[in-house]
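Here are the chains, one letter per residue:
Protein chains: 2
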Amino acid sequence: MNKRGMLIILSGPSGSGKGTIVQQLLSERDDTVLSISATTRSPRTGEQDGVHYYFKTREEFEKLIESGELLEYAEYNGNYYGTPAEPIERYLADGKNVILEIEVQGAEKVMDRQQPDVVSIFITIPSLTELERRLRQRGTETEDSIEQRLKIARHELSRAFRYDYVVLNDEVPLAVERIHTIISAESMRYSRMENYILEVINNA
Amino acid sequence: MNKRGMLIILSGPSGSGKGTIVQQLLSERDDTVLSISATTRSPRTGEQDGVHYYFKTREEFEKLIESGELLEYAEYNGNYYGTPAEPIERYLADGKNVILEIEVQGAEKVMDRQQPDVVSIFITIPSLTELERRLRQRGTETEDSIEQRLKIARHELSRAFRYDYVVLNDEVPLAVERIHTIISAESMRYSRMENYILEVINNA
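In order, the protein sequences belong to chains A and B.
The numbers in my numbering rise by one with no breaks, and the one at position 186 of the first sequence is 186.
The numbers in my numbering rise by one with no breaks, and the one at position 106 of the second sequence is 106.
Chain A with its partners taken away, still in its complex shape (with noise of 0.2 Å):
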């Protein structure tokens, strides 16, 4: 019997290194597909529909709004942003995991429509004052955006109590295989055991 996979969660403060810690997880891991958001922005050189993103018009994309197509989605700089449902009820129901790799306030509305399979996990730096210093190596940044910077990931922390897990990166590895003993401690849930004990009880 195929086992319906889990729709993960994955957020926490810009800087929180959120992005590294996926793309690694997902190279190790064949049972876990990353989510691909909707957008109305235009692709850029080398961005393949389907695959960085679901490129649509904001004709279509208001559709998807209306029927609820959306497990989220947010405006910035004139252009739409959302998270689809249809192709994440279709891996979970392959069996596959699917991760979705989000900011703070996206992840909150997707928590918010209370779906079943969602394990949420928030990325925590180890300390303010070394996500200050990963914001001065960019060399990107100027006084004022770091401290902006600094100011919402603040905020983004005490926002932390809607996860399910909080998972530390204070080194990626270590960090990865967190989330490699959350996704195995799930898969045991009584939730995701239940057919099996079904068959225990059914096949004397």
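Don't take each hint at face value.
Remember, identical chains collapse to one label, so a pair may be satisfied in a single copy or spanning two.
Here are the simulated EDC-like pairs of lysine to aspartate or glutamate, each with C-alpha atoms no more than 20 Å apart in a straight line [as the list claims (entries may be wrong)]:
hint, residue 1, residue 2
1, Lys151, Glu62
2, Lys109, Glu75
3, Lys3, Glu141
4, Lys3, Asp170
5, Lys3, Asp94
6, Lys109, Glu62
7, Lys3, Glu89
8, Lys151, Glu199
9, Lys96, Glu186
10, Lys96, Glu132
11, Lys63, Asp30
12, Lys151, Glu28
13, Lys3, Asp117
14, Lys63, Glu86
In case anyone wonders, no lab produced these hints; they're calculated from the structure.
Got chain A; can you put chain B on it based on the hints?
Okay, now just chain B, sitting in the frame of chain A:
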């Protein structure tokens, strides 16, 4: 800061191997102890108070019942057996995990108290045929008692929905490994990481 421990309820049908699993698990973790039962039965040769059981007079035991000091209790063959809350609370506060290895009925009584910090695990056998084989292997069971045990096991399996996790005991080392995984994941639950997050927020 000392993290509170978790109370791990470990139950499952007779013959599921929970006793063997617990002994192996305890030998591999120094952050985890076994809960000790209270009883009114007399100590057998070699049994020590506070090690194998807390030995109580009937009067003492009934005082524990009245004061609500027991997480669960039952009477077998004219003797009381029960789980005192106070030593467990002391260990949890000290950051130790406590394993409560208990039969299915007792486990439900503990879960009915809806304590915080509880992680409940149901150990299942791969099949009832395999359970029958294990019971026959003991060589001490009559046909009638084997029939009876299988019937009880089937009923107990139908109560697995009360537990957070289901762990398959196909091989003891694998089952032990699965429980380590659950404990690791549970230590990353938001409730157990809250103090960490608060420290990150407050120590700029």
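* Intra- versus inter-copy proximity for Glu89 and Lys3 (alpha-carbon distance at most 20 Å) -> Only inside one copy: Lys3 and Glu89 sit 13 Å apart there, 38 Å across copies, limit 20 Å.
* Check Lys151 against Glu62 for me: Cα-Cα at most 20 Å, and say if that holds within a copy, between copies, both or neither. => neither (33 Å within a copy, 57 Å between copies)
* At 20 Å max between alpha carbons, let me know whether Lys3 reaches Asp170 within a copy, between copies, both or neither. => Cα proximity of Lys3 and Asp170: across copies only (19 Å, versus 33 Å in one copy).
* Alpha-carbon proximity context of Lys63 and Asp30, limit 20 Å -> neither (33 Å within a copy, 57 Å between copies)
* Measure nothing new, just compare the shortest in-copy and cross-copy C-alpha distances for Lys151 and Glu199 to 20 Å and report within, between, both or neither. => between (52 Å within a copy, 15 Å between copies)
* Pop the pair Lys3 and Glu141 into one bin, within, between, both or neither, using alpha-carbon distances up to 20 Å. => Intra 45 Å, inter 37 Å, cutoff 20 Å: neither.
* Check Lys109 against Glu75 for me: Cα-Cα at most 20 Å, and say if that holds within a copy, between copies, both or neither. => Within one copy, since 14 Å is at most 20 Å while 51 Å is not.
* **Up to 20 Å CA-CA - Glu186 versus Lys96, copy category** => within (14 Å within a copy, 23 Å between copies)
* Asked: How do Lys96 and Glu132 come out at 20 Å by Cα distance, when the copy is not named: within, between, both, or neither?
  -> Close neither inside one copy (36 Å) nor across copies (35 Å); limit 20 Å.
* To do: Give the relationship of Lys3 and Asp117 under a CA distance limit of 20 Å: within one copy only, between copies only, both, or neither.
  => within (11 Å within a copy, 28 Å between copies)
* **Identical-chain pair category, Lys151 with Glu28, by Cα at 20 Å** => Answer is neither; intra-copy 34 Å and inter-copy 43 Å both fail.
* Intra- versus inter-copy proximity for Glu62 and Lys109 (alpha-carbon distance at most 20 Å) -> Result: close within a single copy only, 18 Å intra versus 52 Å inter.
Against the hints set out earlier in the document, violations occur for numbers 1, 3, 10, 11 and 12.
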